[in-house]
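Peer 1: Sequence:
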Amino acid sequence: METPRMSEELRDGLLGLVTHQQPESDQALRFLGRTLRRERIETLTVFIDRTTPTTIYSINLIEEAVKQWSVENQHPSEIVETGCLGLISVEPVVGIQVPGRARLYYGPVEPTDIAGMLNAITKQVVPEENLIGQMVMAGQQPWEDIPDWKKHPFFINQERSVTSLNGVINPCHISDYIAWGGYRTFYNSIRNYSGQELMKLIEQSGLRGRSGSGFLASVKWAKAAETTSDKRYVLCNADESDPGGYMHRILVESNPHLILEGIMLAAYIIGANHAIIYTRSRYRMAVKRIQCALSQAREFGLIGQDILHSGFTLDIQLKRGPGAFVCGEETALISSLEGKRGSPRTRPPYPATSGLFGKPTLIHNIETLAQVPMIIGKGPDNYRQLGTPGSSGTKLFSLSGKIKRLGVVEVPFGTSLGEVINSMGGGTRNGRPAKAVLLGGPSGKFIPVSKFDIQLDLDKFNEENLVLGSGSIVLLDDESCPINLTKNMMDFIRQESCGKCIPCRDGSKRIMEVLSLISSRSTPENKYEALDRFKGVTGVLELAEVMQSTSLCGLGKCAPNPLISGMELFREELEEHVFDRTCRAGVCLNMRSFLVDPVACNGCNLCFVKCPEKAIIGSPRQVHYIVDDLCTGCGKCFDVCKFNAILVN
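Residue numbers (the working numbering): 597 to 1245.
Errors might be hidden in some of the hints.
Computed Cβ-Cβ distance ranges for the label pairs, DEER-style [claimed, not checked]:
1. 724 with 819: 51 to 59 angstroms
2. 877 with 1185: 31 to 39 angstroms
3. 744 with 1142: 38 to 46 angstroms
4. 760 with 919: 26 to 34 angstroms
5. 880 with 1214: 46 to 54 angstroms
6. 877 with 1061: 32 to 40 angstroms
The hints are simulated quantities; they were obtained by calculation from the structure and are not laboratory data. A virtual CB, placed ideally from N, CA and C, is assigned to each residue, including glycine.
All chains should be built: construct the whole structure from the sequences, respecting the hints.
Peer 2: So, in structure tokens, the structure goes:
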């Protein structure tokens, strides 16, 4: 992914868009802005989403199909790389815009669909198959009887603030971001306001951290600014590590310059001249987008010495870690950046007073810093219009699991969980009854359907002893097994534990062993296994409480959350696993047993040949029989039987 170079003429024009308080008053700047926003285009333009969710699709073939159509029809076209709209369940998404008309979004799109779509749209005919909607900008003629894309059920109740340009702009072109007003707030701040004045705006906004703790940002910022030091740091945690959580990756891959502007403003406010973006190496797309944005910002003069002749100096670096879940904790992240093992430290001192290399350090995740340009640009009063009195602004959530519409949503705090699940997410994928959600990742808690009316609010969740976390939502239906999901979460925690403290290191391992005994069965079961299972399940809650009260960091303290909430909500299913040795959802494969239907079995002998444990007996053309004591429940007999003669017990 090469960083495009800009001409001196374009650079001067972009500088005018940034530095003019009202560029709309200048005809040349107004024309440049409209051109870069693609309100006016001269040729057919195709917008293709290229982010992590689309890497499994034939995006290159879609581009080739567009180029081939252009050559065959002698019709010039332009291909623009964009970020993700957020509706991942309809990827790959393609936008098509012809001169004078609004942009149309389609998804999912196959390479074979391109020719027909372009033939129709260039002839002013709109194919309705897989149509998401149209995006109408100033000076464009809308398509008749075509809904706006924001009227789609997934988007209609969202409040897109930090995600407003996701899927709209080219994330690797700083010109696109500037054309939509980017970096204007930063320039205006460093030229006209002091850090103390801007700090008051952050305080008045009521901004709270989006990492799950909900700590008031202004308190952390004030501490970092007030601590006497010759150097201060701003750290942006872009290492999103929750399994099932992907909203921050989508944000940085779709609009990296927004993150940079938030970092720049934070650094100016607390008086820092050095900032670091921390992510993991395997997030290749995010790394490329950040590198591209940093390179362009340096070329433009937004990073470096005496930025835009303001006297403010700032350097921003990208650091890539190995990808440890524990580095989501502030002090572990700092240890990793210092070249040490990523393990937590005891607090106090807190990073705001003694962080990276002992200097005052402000640490936030991507989503928190992305709020800053909007707060300062539009004012704290405007910002507080969204959300609740205690939790202002919007929050990103990722939807996964058995949900119909996978994706990233941005909603105001105070929106009900049920609205996010049922209205935006469309409910369960196959229309089956919902069972619960796991909200907050491996450190989150299960929330049953009866509580889906709860407001997504930091204070409300604290009152209900629930965990909002970073915002990952995993939906379970009646065919999901919460015991199996809890086991997977504990296995993740066990692997990611830094091992520094015994409660987390050994506690997560023991809980994993107990859950494995519960969700599987040995054949034959030895005489002590049942005793171990009963002893384990009776003592596992006490072990979880020890982890919560004695672990060193938040990873260990919150690790047992899914277990504790799951055992309380799904006690009946837990007892079935423990006593009846069955999984009603059929998810715990090692607990299944199989029977042969004597009516349907014709003795083809295929199951007999494929059984790895030799647990099937029978002669050719005779009814077969499965020996329970030998069967491990692998299901290979069920898979190979062509006559539906193998029944799951």
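Peer 1: Hints first: check each against the structure and report whether it holds.
Peer 2: Verification of the supplied hints:
At roughly 56 angstroms, the beta-carbon separation of residue 724 and residue 819 lies within the given 51 to 59 angstroms, and the hint holds. Range check, residue 877 to residue 1185: Cβ separation about 33 angstroms, and the 31 to 39 angstroms hint holds. The hinted window of 38 to 46 angstroms between residue 744 and residue 1142 is violated, with their beta carbons roughly 54 angstroms apart. Residue 760 and residue 919 have their C-beta atoms about 30 angstroms apart, which keeps the hinted 26 to 34 angstroms range intact.
At about 52 angstroms, the CB distance of residue 880 to residue 1214 agrees with the hint of 46 to 54 angstroms. Take residue 877 and residue 1061: their Cβ atoms lie about 37 angstroms apart, and the range 32 to 40 angstroms holds.
Going through the hint list in order, the structure does not satisfy hint 3, though it satisfies all others.
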